[in-house]
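Undergrad: Given next are the chains, with one letter for each unit.
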Amino acid sequence: MNFELPNIALATPEITLLCLTCLVLVIDLFVPQQKRIVTYLASQLSLIIVFALTISSYAEQSSFAFSNTFVRDSMGDVLKLGVYISIFMVFLYSRDYLKQRDIFIGEFYVLGLFGVLGMMVLISAHNFLTLYLGLELLSLSLYAMVAIHRESASASESAMKYFVLGAIASGMLLYGMSMIYGVTGSLDLAEIAATAESSSNQLLLIFGLVFISVGVAFKLGAVPFHMWVPDVYHGAPTSVTIYIASAPKIAAFAMLMRLLIDGLSSLQAQWQDILIILAISSMAVGNIIAIAQANMKRMLAYSAISHIGFLMLGVLTGQQSGFAASMFYALAYSLMSLGGFGMIILLSRKGFEADRLDDYKGLNERSPWFALMMLIIMFSMAGVPPFLGFWAKLSVLKEVVAADSLLWLAVVSVIFSIIGAFYYLRIIKLMYFDKPEDTTAITADMDLRIAISANSLFVLGLGLFPGMLLALCLSAISAS
Amino acid sequence: MGVEKIIFYIVALIMVSSATMVITVRNPIQAALFLVLTFFASAIIWMLLEAEFLAIVLVLVYVGAVMVLFLFVVMMLDINVDRLREGFTRYLPIGVVVAVAMVGMLITVVGSDNFGLDKIAEPERHLADYNNTKALGSELYTKYVYPFEIAAVILLVAIVAAIALTMRRRDNTKYQKPEDQISVKREDRVRMVNMPTEKKK
Numbered sequence: 001m002n003f004e005l006p007n008i009a010l011a012t013p014e015i016t017l018l019c020l021t022c023l024v025l026v027i028d029l030f031v032p033q034q035k036r037i038v039t040y041l042a043s044q045l046s047l048i049i050v051f052a053l054t055i056s057s058y059a060e061q062s063s064f065a066f067s068n069t070f071v072r073d074s075m076g077d078v079l080k081l082g083v084y085i086s087i088f089m090v091f092l093y094s095r096d097y098l099k100q101r102d103i104f105i106g107e108f109y110v111l112g113l114f115g116v117l118g119m120m121v122l123i124s125a126h127n128f129l130t131l132y133l134g135l136e137l138l139s140l141s142l143y144a145m146v147a148i149h150r151e152s153a154s155a156s157e158s159a160m161k162y163f164v165l166g167a168i169a170s171g172m173l174l175y176g177m178s179m180i181y182g183v184t185g186s187l188d189l190a191e192i193a194a195t196a197e198s199s200s201n202q203l204l205l206i207f208g209l210v211f212i213s214v215g216v217a218f219k220l221g222a223v224p225f226h227m228w229v230p231d232v233y234h235g236a237p238t239s240v241t242i243y244i245a246s247a248p249k250i251a252a253f254a255m256l257m258r259l260l261i262d263g264l265s266s267l268q269a270q271w272q273d274i275l276i277i278l279a280i281s282s283m284a285v286g287n288i289i290a291i292a293q294a295n296m297k298r299m300l301a302y303s304a305i306s307h308i309g310f311l312m313l314g315v316l317t318g319q320q321s322g323f324a325a326s327m328f329y330a331l332a333y334s335l336m337s338l339g340g341f342g343m344i345i346l347l348s349r350k351g352f353e354a355d356r357l358d359d360y361k362g363l364n365e366r367s368p369w370f371a372l373m374m375l376i377i378m379f380s381m382a383g384v385p386p387f388l389g390f391w392a393k394l395s396v397l398k399e400v401v402a403a404d405s406l407l408w409l410a411v412v413s414v415i416f417s418i419i420g421a422f423y424y425l426r427i428i429k430l431m432y433f434d435k436p437e438d439t440t441a442i443t444a445d446m447d448l449r450i451a452i453s454a455n456s457l458f459v460l461g462l463g464l465f466p467g468m469l470l471a472l473c474l475s476a477i478s479a480s
Numbered sequence: 001m002g003v004e005k006i007i008f009y010i011v012a013l014i015m016v017s018s019a020t021m022v023i024t025v026r027n028p029i030q031a032a033l034f035l036v037l038t039f040f041a042s043a044i045i046w047m048l049l050e051a052e053f054l055a056i057v058l059v060l061v062y063v064g065a066v067m068v069l070f071l072f073v074v075m076m077l078d079i080n081v082d083r084l085r086e087g088f089t090r091y092l093p094i095g096v097v098v099a100v101a102m103v104g105m106l107i108t109v110v111g112s113d114n115f116g117l118d119k120i121a122e123p124e125r126h127l128a129d130y131n132n133t134k135a136l137g138s139e140l141y142t143k144y145v146y147p148f149e150i151a152a153v154i155l156l157v158a159i160v161a162a163i164a165l166t167m168r169r170r171d172n173t174k175y176q177k178p179e180d181q182i183s184v185k186r187e188d189r190v191r192m193v194n195m196p197t198e199k200k201k
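Going down the list, the protein sequences come from chains A and B.
Here my numbering is used: the first residue of the first sequence is 1, the next is one more, and so on.
Here my numbering is used: the first residue of the second sequence is 1, the next is one more, and so on.
Bear in mind the hints are in silico, worked out from the structure with no lab data behind them.
There's no promise every hint is true.
What the hints assert, rightly or not - Listed below are the simulated EDC-like cross-link pairs for lysine to aspartate or glutamate, each with C-alpha atoms no more than 16 angstroms apart in a straight line:
id : chain 1 : residue 1 : chain 2 : residue 2
1  : A       : Lys99     : A       : Asp445
2  : A       : Lys429    : A       : Glu353
3  : A       : Lys161    : A       : Asp231
4  : B       : Lys143    : A       : Asp188
5  : A       : Lys99     : A       : Glu60
6  : B       : Lys143    : A       : Glu4
Just so it is clear, the structure is predicted and the values come from calculations on it, not from any experiment.
Chain A on its own, in the form it takes in the complex (with noise of 0.2 angstroms):
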């Protein structure tokens, strides 16, 4: 039997982080508790070094290795690079919440780190089997993190949901997937790609494609598959929703591009329509229901929802700009979230969560400077230029008009999100015309308030110059 070692060397910054991780796992072990914060800083510390590996070694071309199950290309590694600055904040955040609600302990962070693992198996997957098992170990440990609350009767109640429903949707995905394979035979999406084209069998092909359009919608939380993103989000310590809430959406779109793209291109008129259907139904949903939210964390979850139909458009068009626009619009989407997630954070103290929208009333007599980065953060999910939400949604728009016949795809999109701006337009007027319930003075941590600040200066500034990140874009989806 001849055996050809695979170029382990791809895959550094995956096995880096594992064996970062399962030290962590030890370190926290002979920490006491009131040391906990060794295990948060080595978490950080092993976030920044793979960071630094990924960069370093930043792929200009695709390149494969362990028999194609794995592939490392620039489009992989810009979202990983987000994915890494996307927990990093979040882990940087949570702190203080986690202690002051004596969930500070180390597995909240083991979690995150497999987590982040999970993610980037997920992005990297060229084979069904290798893209399942990275969904699989980002989902187990985000309903893990979500149940991490045990006191919290509703953390249990919608980890539980989550889980059930997270089951059903790996069930549907799978089921796709064996379809898939029946008729082309490999698990390989190159050969998936390239024996899909020719095959004969058409109908079944479809039918699998509609199987895993279920689970890939579940999991991005598009509308008639959404019923869980309320109930988590709400339910979850804030700590876990802002997690959830940011680098899963990237790794999400990595997924829709590796299966839709890379794997089942040949059907693209089927799944244009599937995305059309999703994409416009979420828009509908979420920007409407959000409007009828009394509480902070579920009324960003339905935003959440109305911009994934929003990434959505700039993927069914089937472009390689609209790829990229739809890329920006998921980075841009991650920093947003991380946002307003770290606002209800930063104004949360022991034994009080600030996720009504009553607690965000007079915050401009509270705290100017703060009330002036949530303006931010809602001016930019909104779509007011020159925020970076502006141009995301922009870039998005304009792929859509230019392609063929989907000109009444922008004009409905344009119409849900101007009906979107009112409920983000609303916080700002809560904090700015009304009178404070609460005057007690925010107490957070100098770096949370540095990190929360930095992020939505990060939001001006990346709106003010956005021809960067969004060239990042457009070159690492060439690339690949």
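Since the structure of chain A is provided, determine the placement of chain B on it from the hints.
TA: Only chain B this time, still in chain A's reference frame:
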């Protein structure tokens, strides 16, 4: 009709009917035992597909270990089945409609029109000396080594998650603290009280 076909239809019938029983019987113990039967029947179908190793592993791991554990848990918990089954009849009509529609559509798509032998050729049959286990092992540890390692990481996450979610110290449970017991001093336990001596009458 060959012997294989007859065996397949018998076993498939057992599998589908026992799978239906799993979700319809009232007693959770019976449901678990029907699940064992389902696993056993699917092991036989795998055997027909020449996947001998997987068939044996299914029986050893699922039937032998997982289901026994499952039975232990079911016996230890006092599950009120009737309460769990509330709403079953309420949602039955719509459930039946959805299920029938789904099965109808599945049969038209997955039927022999699309998966017949003329569309997808019959896999090559192996000789009696073909070693299934060896082939599986060499594929698993060479071609699929990366997915294999990730699967191992998933199991590690499952361990971490299970321990993080179940290991807890309840405040109201009573247990001994040896370190406190050892370091106890006389002053903690015995209080010296000065009392006036009683007068004898």
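Undergrad: Output the indices of the hints that this structure fails to meet, ascending.
TA: Of the numbered hints, 2 and 5 do not hold.
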